[in-house]
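K.L.:
What follows is each chain in one-letter form.
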Amino acid sequence: MKTKIFAAAALALLLCASAWAQDQTPPVQEIVEKANLMAYYQGDDGKAHVHMEITDSQGRKRKRDFIILRKDKEDGGEQYFYVYFRRPADVRRMIFMVWKHPGKDDDRWLYLPALDLVKRIAASDKRSSFVGSDFLYEDISGRSIEEDTHELAKEEEGFYVIKNVPKAPDTVEFSYYLVWIDKKTFMPMKAEYYDKAGKKYRVIEALEVEEIQGFPTVVRSKASNIETGSSTVLTFSKIKYNIGLKEEIFSERYLRRPPREAKR
Amino acid sequence: MRAFKLTATVILLLLAAVPALAELPVEINGFWEVRGGLRTDKDPNQRDVSLGETRLQLDMSYEFDWGVLRVRPDLIWDDVDRTRDIDMEEGAGVVDLREANLLLYPADSVDVKIGRQILTWGTGDLLFLNDLFPKDWVSFLIGRDEEYLKAPSDAVKVSLFNDIANMDLVYTPRFDPDRYIKGERVSYWNDALQAITGRNAVVHADIPNDWFDQDELALRIYRMVKGYEIALYGYFGYWKSPAGQAGDGRAAFPGLNVFGASVRGNIFKGIGNIEVAYYDSEDDREGDDPFVRNSEFRLLVGYEQELVTDFTASVQYYLEQMQDYGSYRDSIYPGMEYKDKNRHVFTVRLTRLLMNQNLTLSLFTFYSPSDRDGYLRPSVEYKVNDYWTVSAGGNLFFRNEDATFYGQFHTNSNLYAAVRYAF
Chain A
278 MKTKIFAAAA LALLLCASAW AQDQTPPVQE IVEKANLMAY YQGDDGKAHV
328 HMEITDSQGR KRKRDFIILR KDKEDGGEQY FYVYFRRPAD VRRMIFMVWK
378 HPGKDDDRWL YLPALDLVKR IAASDKRSSF VGSDFLYEDI SGRSIEEDTH
428 ELAKEEEGFY VIKNVPKAPD TVEFSYYLVW IDKKTFMPMK AEYYDKAGKK
478 YRVIEALEVE EIQGFPTVVR SKASNIETGS STVLTFSKIK YNIGLKEEIF
528 SERYLRRPPR EAKR
Chain B
1010 MRAFKLTATV ILLLLAAVPA LAELPVEING FWEVRGGLRT DKDPNQRDVS
1060 LGETRLQLDM SYEFDWGVLR VRPDLIWDDV DRTRDIDMEE GAGVVDLREA
1110 NLLLYPADSV DVKIGRQILT WGTGDLLFLN DLFPKDWVSF LIGRDEEYLK
1160 APSDAVKVSL FNDIANMDLV YTPRFDPDRY IKGERVSYWN DALQAITGRN
1210 AVVHADIPND WFDQDELALR IYRMVKGYEI ALYGYFGYWK SPAGQAGDGR
1260 AAFPGLNVFG ASVRGNIFKG IGNIEVAYYD SEDDREGDDP FVRNSEFRLL
1310 VGYEQELVTD FTASVQYYLE QMQDYGSYRD SIYPGMEYKD KNRHVFTVRL
1360 TRLLMNQNLT LSLFTFYSPS DRDGYLRPSV EYKVNDYWTV SAGGNLFFRN
1410 EDATFYGQFH TNSNLYAAVR YAF
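These protein sequence lines map, in sequence, to chains A and B.
Numbering of the first sequence is given in the numbering used here, commencing with residue 278 and proceeding in unit increments.
Numbering of the second sequence is given in the numbering used here, commencing with residue 1010 and proceeding in unit increments.
Careful: at least some of the hints might be erroneous.
Below, computed lysine to any residue pairings styled on SDA-like, alpha-carbon distance capped at 25 angstroms [stated by the list, open to error]:
id : chain 1 : residue 1 : chain 2 : residue 2
1  : B       : Lys1278   : A       : Lys340
2  : B       : Lys1278   : A       : Thr426
3  : A       : Lys340    : B       : Gln1366
4  : A       : Lys381    : B       : Val1285
5  : A       : Lys467    : A       : Arg370
6  : A       : Lys396    : B       : Tyr1326
7  : A       : Lys517    : A       : Asp416
8  : A       : Lys350    : A       : Glu423
9  : A       : Lys381    : B       : Tyr1326
10 : A       : Lys396    : B       : Val1285
11 : A       : Lys396    : B       : Tyr1347
12 : A       : Lys523    : B       : Gly1236
13 : A       : Lys517    : A       : Glu423
14 : A       : Lys523    : B       : Phe1170
Some chain A residues judged to face chain B by a derived CB distance under 8 angstroms, without partners named [as the list claims (entries may be wrong)]:
id : residue
15 : His328
16 : Lys340
17 : Ile344
18 : Ala366
19 : Asp367
20 : Arg369
21 : Asp382
22 : Leu392
23 : Asp393
24 : Leu394
25 : Ile398
26 : Ala399
27 : Ser405
28 : Lys499
Note that these hints are calculated values from the structure, not bench results.
Just so it is clear, CB atoms sit at the ideal spot from N, CA and C, and this is done for glycine as well.
My request is simple: use the sequences and hints to build the entire structure.
P.N.:
Put into structure tokens, the structure is as follows:
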């Protein structure tokens, strides 16, 4: 009898504990890590066709099309990116490649086909515009979570709102940014950037999320520059995960000679 | 003028045909461009118009399972150089074939590219040490797009890849010289006449041109070490621009071997590079032949950084050191202009991107404190939309003396403007 009481008590305690756990907000570090994996490390590798539409404050549009390849060395760690431009004509066959090293400077290259030139580009300009759009280089390959300190600013309906403050403020143009992370999927759905005066000047939003091969995936996103009035929409198509990209694709060889995977 | 109208009509018809061609499995792209320029100073031996041309470039490629075929011709109507006869080597006439090659993947670790191709390696920015592929100095100095600085090579490139080090071997069965300065469009310092000359004294050269005998071999061995790109280079061929005089008085391309190395990678907040090369002028190893350029040691140190968003600065220091300088000084005739032992050059490139990177302001400066001369390349480029680009710029030389490297070009200073439609 005594044992039965104990068992019941243990069970009750267990139920309570799990109910408590469900209600409990995970530690900030865990939220940030999960969101980082969700946004940039789905599968072991991936490929997508990207259509970019830049609209300036006067409504003039410019379009770019590129194919992006990604391969992870380890989840949350080292990564490779390869971006092959298809349109417009003046950037056609140009390639941008990144070896992302969280915690230290990335290695980055640009290939200019008309000159057969492999150009190394500095890691310090990660915060400049990616091909004239409202997305920055760092938005494409992801900002390392080690570069900011994170705190849970608030919880809103369905979202954790994380405040991210740069550890090296003089290397970036923002003073902090807020990220809305979906409580269920851990997908970052919105980011707001605040300048040194504390004014919001830049917003990135996920407009559409689809499940692809079981991975929740942002298929449309938008970056808006509140100061200049321009915005950029990215539309992803032909998304594929775990296609078995070889590590060697992300090398000088394949800058000069793009692999089939990168071209169609 | 009638011929010009005809060319314009042909170009328009070709442009109209592009959508129809796009239906084929062949990928066709390209651009159409009009470009004009004027000299800022009078040169008695040149026309005042430095550039007046229109060109249509077609870039066609077809992909097989086993490789890629690419053909990229430029169709040109040039009002300054009215030579219409096609010269595939010099790019003169109405067609300049930029590329015509077949890229093959014979094995997992081997790529082969055969045919006419543009080749580049090395770490310099508009300064070349171990890149001995042909350059088109005329196009560069008169204000054509920077892509035309690279002249095509007719070669076989074999690339071998493995975990220890990758290797590129480029064999050019017949010597491909630079499209060098010969006075036809760009005036230069004429050593024989001890004066700047142009169309009054065009260079006649004795170009090595025996197939499989007067050939070139270039190789590069390279790998990444902890994020640094390290490369070793070798070249066995000829000086790429005239570097001597043959017995009959014609300009000569003496034999040349080059050995070098480079390293490039992240340093401080930017990209740093160092490159060295030894130029072994094999026909004048003693340095005492006044008709053959001496051997040289060359050094380049460079650094590039984005100072603020969309504003990038890069600086380079370049040294060209003549070997056996004493023998050289003893060998030249009294009263002739002579070179310094060391030619020091500093370059600064400033690039500012504005208006969502649609407007590019750029200034490239070469300055030599030893020659006391320089060369400024300012440019402005605006992308009107995804198809049209307008640009303007200049090639401005300043000097203390006529005989120095940049100084000799001072009568060629020019301003140019261009409109391009890309498709």
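K.L.:
Now, for every hint given, state plainly whether the structure supports it.
P.N.:
Here is what the structure says about each hint:
1. B/Lys1278 <-> A/Lys340: violated, 31 angstroms
2. B/Lys1278 <-> A/Thr426: Holds: B/Lys1278 and A/Thr426 sit about 22 angstroms apart, inside 25 angstroms.
3. A/Lys340 <-> B/Gln1366: holds, 14 angstroms
4. A/Lys381 <-> B/Val1285: violated, 29 angstroms
5. A/Lys467 <-> A/Arg370: Violated. A/Lys467 to A/Arg370 sits at ~32 angstroms, over the 25 angstroms cutoff.
6. A/Lys396 <-> B/Tyr1326: holds, 18 angstroms
7. A/Lys517 <-> A/Asp416: holds, 20 angstroms
8. A/Lys350 <-> A/Glu423: Measuring from Cα to Cα gives roughly 17 angstroms; hence the hint holds.
9. A/Lys381 <-> B/Tyr1326: violated, 28 angstroms
10. A/Lys396 <-> B/Val1285: holds, 18 angstroms
11. A/Lys396 <-> B/Tyr1347: Answer violated: A/Lys396 to B/Tyr1347 is near 37 angstroms, above 25 angstroms.
12. A/Lys523 <-> B/Gly1236: Distance of about 19 angstroms is within 25 angstroms: holds.
13. A/Lys517 <-> A/Glu423: violated, 28 angstroms
14. A/Lys523 <-> B/Phe1170: holds, 14 angstroms
15. His328: violated, 13 angstroms
16. Lys340: Nearest chain B Cβ about 6 angstroms off; hint holds.
17. Ile344: violated, 14 angstroms
18. Ala366: holds, 4 angstroms
19. Asp367: For A/Asp367, the interface hint holds, since the closest Cβ of chain B sits about 5 angstroms away, which is under 8 angstroms.
20. Arg369: holds, 6 angstroms
21. Asp382: Holds, about 5 angstroms.
22. Leu392: holds, 5 angstroms
23. Asp393: holds, 4 angstroms
24. Leu394: It holds, given that the least Cβ distance between A/Leu394 and chain B is near 5 angstroms, below 8 angstroms.
25. Ile398: holds, 7 angstroms
26. Ala399: The hint holds - A/Ala399 has a Cβ within 8 angstroms of chain B, the shortest such distance being about 4 angstroms.
27. Ser405: holds, 5 angstroms
28. Lys499: Cβ of A/Lys499 sits 16 angstroms from chain B, so the hint is violated.
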